[in-house]
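**Q** Protein chains in written order, with the numbering used here: chain P, 1486 to 2074; chain B, 37 to 493.
Calculated from the structure, these hints are not laboratory results. The beta-carbon is built from N, C-alpha and C at its ideal position, and this holds for glycine as well. Some hints here could point you the wrong way.
Okay, the calculated beta carbon distance ranges per label pair [said to hold, decoys possible]: (1) Arg273/B <-> Glu1751/P: 54 to 62 Å; (2) Asp1976/P <-> Arg273/B: 24 to 32 Å; (3) Gly1988/P <-> Ala318/B: 27 to 35 Å; (4) Tyr259/B <-> Arg2019/P: 46 to 54 Å; (5) Arg2019/P <-> Ser477/B: 36 to 44 Å; (6) Gln1720/P <-> Gly473/B: 46 to 54 Å; (7) Gly1824/P <-> Asp263/B: 38 to 46 Å; (8) Gly280/B <-> Lys1873/P: 27 to 35 Å; (9) Leu307/B <-> Ala1753/P: 45 to 53 Å; (10) Asn1708/P <-> Pro224/B: 45 to 53 Å.
Here are a few chain P residues that face chain B, going by a calculated C-beta distance under 8 Å [said to hold, decoys possible]: (11) Pro1688; (12) Asn1691; (13) Glu1767; (14) Pro1935; (15) Ala1954; (16) Ala2037; (17) Leu2071.
What the simulated footprint calls covered on chain B by chain P, stretch by stretch (three residues with Cβ under 8 Å from a Cβ of chain P suffice, anywhere in the stretch; the number is not a length) [said to hold, decoys possible]: (18) 186-199; (19) 317-323.
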Amino acid sequence: MITTSIMNRFAATLTLSALLYAATASAAAGDAARDQAFKDQRSTARFLSQATFGPTPGDINQLRGSSASEWFQAQLALPPTYLMPIFEEYAERAEESESDDEFDLLANEGATFGFWRNAVSAPDQLRQRMAFALSELLVVSNGGGEVLTDVPQAVTWYQDLLIEHAFGNYRELLEAVTYSPAMGYYLTYMGNERGDPATGRVPDENYAREIMQLFTIGVLELNLNGTPKRDSDGQPIETYSNADVTGLARVFTGLNLDERFYDVEEDADALAYSTPMAIFPESHSERPKQFLGTTIPANTPAAESIDAALDHLFAHPNVGPFVGRQIIQRFTSSSPNKGYVKRVAQAFNRGSYRLPDGSQVGTGQRGDLAATLAAVLFDPQARKPKGKAAGKVREPILRFTHWARAFRVQQVTPEYNWQLWDTSGPGMLGQHPYRAQSVFNFFRPGYVAPGTETGKRGLTVPELQIVNASSVPGYTNFMTGFVFAWQQYEDIEELQEEYDEEGIGLDASRVVTSFLPNYRSELSRAEDADALLRRLDLLLTHGQLSSATRNAVKEAINAIPVYDEESLDYRVKFAILMIMTSPDYLVLR
Amino acid sequence: MTISRRHFLKLSANSLAGASLGGMSLALSGIRAQAADTSGYKALVGVFLFGGMDNHDTIIPHDSSSYQRWASIRQSMVNSMGASRARDNLLPLTNPGGFGSRRFALPSEMAGLHRLFESGAASIVGNVGPLIEPTDRSSFDAESVRLPPRLFSHNDQQATWMAGAPEGASFGWAGLFADAAQQAGANPGAAFSTITTGGADLLITGRDTAPYQVGEEGAAQAYILEDLEGDLGEAMRRHFAATGFRPGNLLRRDIADKLHASYDANEQYNLATQSGGGASTAFPPTPLGQQLAAVANAIAVREQLGVSRQIFTAAMGGFDTHSAQARDLPMLQQELADAVEAFYQAMTELGLEQDVTLFTTSDFGRTLAINGDGTDHGWAAHHFIVGGAVQGGQIFGDIPEADFDHPQDAGGGRLIPTMSVEQFAAPMGAWFGLSEGELASALPNLRNFDAGPNLFT
């Protein structure tokens, strides 16, 4: 046994290279044991289901046997695929069309179409998934039918901020979000005026409240493992009072759209909404801004006030567990256990994470999102989960993108699939990218479903908040249309007339091949139910298909006698629909 | 002098059951001591106004001096609303009494609710909101009372209104009402005891009752099953019914249970509605109009479903008017008032206006102070209760003055409630048929307050 003094002396004389060597050596030892994510086809499919918008057959084959750490590092290094160029492509096409309607439908859904395209086919899958997760934490929505709907550049530009900062630092992301016109409009502090004692006018408190409650610290003091701290009476401790909200509200005054565009440009809104908001000093509160135990002195200008306020919020020890737990929920676990949250919060606080191959992720600065994400995906509880409540209910959007990637849709032209224009309704996916009903997202991170097994144990399962008697058949119907490729039966002539009437410059003949699945590999196995199930089990449930579902699928497809190509085709389609509506699939574990 | 609820109960137990007591209600009279009364048919319909409806811009002061004060505090907003908030264009409420020379009006967009009020089919419940115990400005400032946690926060106050606790609460008071009725044998099963058209599920979630979500077109079904026959059809039906699926993983088990329950309920609901028989009343083509039409259709098939007690929720959003209130609120008020009026007409057409009571709820009221072109989160608010059984044309509770620094002002004109949510809910529970004991268990904090107002005739 090495004594403490010897260890100290030893440590003191260690050189940097020795440290590096030690790290590499132990990593090499850990390598075989820990970097097992891509060990075989099933584990590869599973990891990619967690980390991307779904595994493709090509990825599963190519990555099997390689290092997931290397894949992770390579993903970090890929250039971001942004939405704005895609939006501009649609806007240009809209201009070329003969429509004289100013409200152009195609351009208006540019962010939607961009999301579907990037989710299904962008190479920087990890970044896109992280940006999507952040879009469910730092929520803005283009569903309000107001400016954020009518000026599509606003949400497009905002989501590009999330894509840009997906592997950056949370503090910097908060600043970018704070100055973004989309958030300024959504949480109504764009044009927020300082108070006026004469008229009783006070600054709008909306952003001050939500940046604390939803974006940084939450309502209760947290331990590093995400559980609430208790006072001496055993009661949870609130993080802020209404006085803190009022004090912080003064910080977010004096921001508004950048005026310089409005004198010179025709489409000034489009430009102003894709530029940080400008500061209007005369509208910024000159009073002291007191909140959460700090005071920003009177007459501090807007930029310095915002900087100081964000620093103070970001320094709160809640941020790591509060943000970390939600990132976990979006990738791997609806109800992460304490240890998992703690390890991820530590990575957030440390700003670095060592991957199984020994390589480092992160800058070493607190709030590093790449390190946080690495900690989420490579944690033992993500790789080999323990406990009866492990796993995540797959979000409806992710189920659909998973299908599109698993069955290799070639023509990723969401504008030709009317269903993809708005998937919000319970008869659709009950979830649409960038279109939550409110800043509280599609579901709440703290949602505990009443009357359920998890509910009895007080476990959170946010995604169950949108599972109900309308959305269950709604999702089935949505998927049926895609799985069975019903777009093949669209009446092209009639559709073309509709397009022309609406002034949408689309060529209806492309509808039949848009998001058309390629089931060739599955068809080749369709005569043998077991072979087909093996294939689908790998692509969809990474080897976790239960015998109950397996038997149900076999029973159904064996009821389809094989006598021609069409019957094989039906076997494949029924099998996919059944698996994708089974509990085995709906929970990613 | 107010009489404490405990005192009141003691009195009523001794000698006063069925009598009225100095204007104080006997909301609990006529209720069987043990189990809920489930005779006949009764339904409650909650309309949740998400975002926090501005009480100050809904029940508007109308006597000259109060109106002037209100309009001067909100000058820029009132100006941008123009004719809509001009005193002459407001819809005056026939003197409901109890407010001296003060008078009130509804905005012109709420003509539908105004007609119901004036015809005796609707009343207003004033200054109601979450409390733990009676609270006023001095006890609030001195922090000498227990307060509901996280006042002024959307999700937490929504949950507090629905379930008496902030986000994370499991059971809503109306869900517990439904449980009590169910335990007394109101319905053949709990599947249709509570029904939502989307939103406010917590309010109608009980220990035994989970809300059934019905679409505007009725129950949703998997299209794929429509033309499937034979072995394949049977196999697919069994699959979607998800029976006998007991996975070890709890999430998978929960999902399996939800698949199963949804399939069963949709089948039953569709079977019931096949016989037709909805109301012919035209509903406005607005989201709330269509939701209340779906509620009316569900009520129309109550006999096919075999139910005698039901609670519904419908919801509309957009009331978080931090900004552009002058543009947005009047439209929302119009949507609300028109849809509610159509719903009352539909109930009248079905002969059920005495048996169905609709009420509004919201996250909170809003500040009287304005922030430029909007208002911020408040606390107490004023709500509507509508139905033939309601004592109509009344303002129950209080409407504090539209001014600052009065005993109900928590700052900025955020109103401290003078009536708790429990006091608002209890008379509805009693009307619904709950016994005193059942009410006390569904509304545990009720014991801290006087009896609620006598909302029903």
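**Q** Would you list, in rising numerical order, the hints stated earlier that this structure does not obey?
**A** 4, 5, 6, 7, 8, 9, 13, 19
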